[in-house]
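Using the sequences plus the hints, can you model the full thing?
Protein chains: 2
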Amino acid sequence: MTDTDIANDPEIATDETASLIASNKVEGTAVYDEDGEKLGSIYNFMVDKLSGQVEYAVLQFGGVFGLGSDYYPLPWDKLTYDTEQGGYVVDVDKETLEAAPRYSAEEPPAYDQAYGERVYGYYGLSYP
Amino acid sequence: MTDTDIANDPEIATDETASLIASNKVEGTAVYDEDGEKLGSIYNFMVDKLSGQVEYAVLQFGGVFGLGSDYYPLPWDKLTYDTEQGGYVVDVDKETLEAAPRYSAEEPPAYDQAYGERVYGYYGLSYP
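For the record, the sequence lines run as chains A and B.
Residue numbers are given in this note's numbering: position 49 of the first sequence equals residue 49, and the series is strictly consecutive.
So this note's numbering is basically just the index in the second sequence, starting at one, shifted up by 1000.
Bear in mind the hints are in silico, worked out from the structure with no lab data behind them.
To give a feel for the contact side, a few chain B residues facing chain A, derived at Cβ under 8 Å:
1. V1026
2. F1045
3. V1047
4. L1050
5. Y1111
Here are the computed distance ranges between Cβ atoms for each label pair:
6. B/R1118 to A/S104: 40 to 46 Å
7. A/R118 to B/A1099: 46 to 52 Å
8. B/T1083 to A/G86: 34 to 40 Å
9. B/G1121 to A/G86: 31 to 37 Å
10. A/G124 to B/D1033: 41 to 47 Å
All figures in this text were calculated on a predicted structure; none of them were measured in a lab.
Here a beta-carbon is modelled for each residue, glycine too, at the ideal position from N, C-alpha and C.
Following this line, the structure appears as structure tokens:
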């Protein structure tokens, strides 16, 4: 689909444009690995209140591939939107995800600087 | 509420930390004017897919104060989160909002560069 197609389709233009995507559309969007296998979906994302920068996309894997029903926070940069699949592709292999930082709904993290450094560091990135 | 209170409250910590807020919590959050009067709520926000930067918070006013049921895209910088009110405060007066760029669900904008310049320009900001 080209940018022009997207701009001309009113259904799509509400939620998604060539470069922007609506928050309520991202939630629930499928997440695939690099082989095109569906892993799970995006639960929500965490936004810096002051800057408006999305720091994490939080994924849910729903028990597939041995990945639990926990929440997996991922640095935004690890996600790529794939227009063909209509979902996000995660540039991370299954083994890496299996050992990745995660949390249950009952024990959410503080999402402070230390947590940011731990999560970003796990994926080989510096926390902003 | 202090940062420590927030970090220690499991209900809050799931969705909101000292500096981060969850996308699914922002949606539906109340929006107030600077006098503390409730204007409406946040419908969603529009995120740059590549950078993860929130470019607009889209407001709904639900017909209060003569503001229609249309969607009003606001530059993220025009919103301030007020922990006391548990909502966002808009640094814009009613007259400015009444004449602000808006759209109906049936006629969404393309959210392209020209639209960005129009909306940001209306609020006296440069589009990134």
